[in-house]
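First to last, the sequence lines map onto chains P and X. Per the working numbering, residue 1 is the first one in the first sequence, and the count goes up by one each step. Per the working numbering, residue 1 is the first one in the second sequence, and the count goes up by one each step.
None of these hints come from the bench; they were simulated from the model. Don't be surprised by glycine CBs; every beta carbon is placed ideally from N, CA and C. Certain hints may be false.
Said to hold, decoys possible - Only part of the chain P face toward chain X is listed, based on derived beta-carbon distances under 7 angstroms:
1) Arg93
2) Met157
3) Ser158
4) Leu159
5) Gln161
As the list claims (entries may be wrong) - Here are the simulated DSBU-like pairs of lysine-lysine, each with C-alpha atoms no more than 30 angstroms apart in a straight line:
6) P:Lys23 x X:Lys213
7) X:Lys94 x P:Lys94
8) P:Lys234 x X:Lys94
9) P:Lys206 x P:Lys222
10) P:Lys134 x X:Lys94
11) P:Lys234 x X:Lys86
12) P:Lys151 x X:Lys86
13) P:Lys250 x P:Lys206
14) P:Lys106 x X:Lys190
15) P:Lys156 x X:Lys177
16) P:Lys94 x X:Lys177
17) P:Lys222 x P:Lys130
18) P:Lys156 x P:Lys94
19) X:Lys213 x P:Lys106
20) P:Lys16 x X:Lys94
21) X:Lys177 x P:Lys16
22) X:Lys146 x P:Lys106
23) X:Lys86 x P:Lys23
24) P:Lys250 x P:Lys222
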Amino acid sequence: MYAIETDNLRKVYRVKTRDSGLKAAVRALVRPEYQNVEAVTGITFSVEPGERLAFIGPNGAGKSTTIKMLTGILHPTSGSMSVLGLDPMRERRKLSYRIGTVFGQKSQLWFHLPPSDSFELLGAIYDIDKQTLKKRVDDLAERFELGDLMKIPVRKMSLGQRMRCEVAASLLHEPDVLFLDEPTIGLDVLVKQQIRERVLEMNREKGVTVFLTSHDAGDIEKLCKRTIVIDHGKIVLDQPVKELKHRYFKRKIVAVRFAADTFVSTDMCLPEGVEIEKRTPEAARIGVDTAKIPIDEVMRWLVGQGVVTDITVEDPPMEQVIASIFSEGANATCEGVNT
Amino acid sequence: MDRSAAANTRFRLAKYMGILRVSLQTALTYRANIATGLIFYCVYLFVFFNLWRAIYAGGGVEGLTFQQMIWYLCITELVASGASVKMDIDDQVKTGEIAYQLIRPYSYIGFQLSSFIGEMLFRLAAFSVLAMLIGFLMVGPIEGFKVWTLPLSFISVLLGIGISFCSRMAIGLAAFKIEETRGIFLVYQKLVFMLGIFIPIEFLPHWLQLIAKNLPFSYVAWAPARLMVGFSWELFAQIISAQLFWFAVTLGIVILQYCSGVKSIQSQGG
């Protein structure tokens, strides 16, 4: 059984529209006009239990709408879905015991209360008995380093502190599927990393299925094994993160350092497929299109330029990968769908 | 089997008790807020005390003695404070906060009710002490008041608050369908105020009285206060049955609205 399965899932919003201006405002008052906006236009995918999936796409692509349908908040216009074998629409209550959610932009903690009270209340809400609850709260507090925060009202916390509590709260009832909707938005590197590590830990130890949406390449790269890219409500790509990187990492970044004064040619003739991104008298960052020139040829060429003291070959950051997927558009990549 | 079923109910009740406790706790967190509420209550009563004294000085007012009038004032204000717990359903719908509420294993209406009761209990406790104090200080006990009628009248207080809760919940839930509910809420608030809190509806012209008695608004504040200051079994039967009727109607509207609203919910923010 799949953890998540959707078949041709669609969601159409009815949106009131009107032209700008007072006249149009009056007209809209009398006879409102509606427009159908297709937020999700028939997506089909499945997620194995224990998988870590990144569900990515630009703003307005339909990511949050999909999450809201999968959690039973929104009713799809057509198509079918099942989460943990349950129908989110009809069995929302039953499902809610088994899924956890974090919406980065919203809070699930009680604003005026310290987390210890929120956790206690969540324990009651999710029918967790006192002993088990205490064990889990202690465990989560340790993992997320909440010790000092447990008694501070949420409203007095920094965003990073709050988000650690949020993620911990979403794990309190040991969900089988964890939906993370931009969980690291606005956080600093350290907190991001901490959250990723803890989620990864829960995935490995307890087999939690992770369904993540994020604009943060690091989240995707560090946390997920598979990516679904969605744009205009359609799946444009469904691939392992590794493969995605490989595919869009035809471009490599080579950083090279030469012994003093051996790298002098300022207007050297570059081989095809090689461009210099940045250079100093003794070092350079070089972009390589591996489709045009194999990396070993580049190396050989570099060795000929001077005495190499250090050299590293890197993949470009995920941001660039995502940007290039979108700039290529849906057509170039649709062979990746349904594989 | 039996045991797990029993455990199940216990857990379920624990859920709502927990919510209730937390809302009580939240109410207690804001001392300044409580203090302003209590001060405002005193100022309000003082102003109206003087107003009614002036009116009664110019000759008796039909139906209620001055003493009864002041106690009436204290009680309507008490009910109004108890019922005016902030409920931000429309905000929750508008901001999409409701999403978190819907994916938790509890009934949304039950959740709202529990947190409402939590805060209301606190308000009722605080304000009733103050109401008694002020009432006794200003005019003393009502002549011929029978203490045994107090719990009976209190049923009416609770029903009044219940009607208020359902009406406001219904207005809040209308946010599922219409964008702005504040206007409707304002109208509702003014109607409750004019048809009960401001003056007893007996003081209204006869035709208006008739209309008021056939609308739910006066059963929030007027009914319990009227019963409290001048209890009779006839009035009790009349008021309680009308209150039960309006409570059932408003509750029905809430449930209907919730069921149809959740289906059509267009949670905001892509």
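Non-conforming hints, listed in increasing numerical order | Violated: hints 2, 3, 4, 5, 6, 10, 11, 13, 14, 15, 17, 18, 19, 22, 23.
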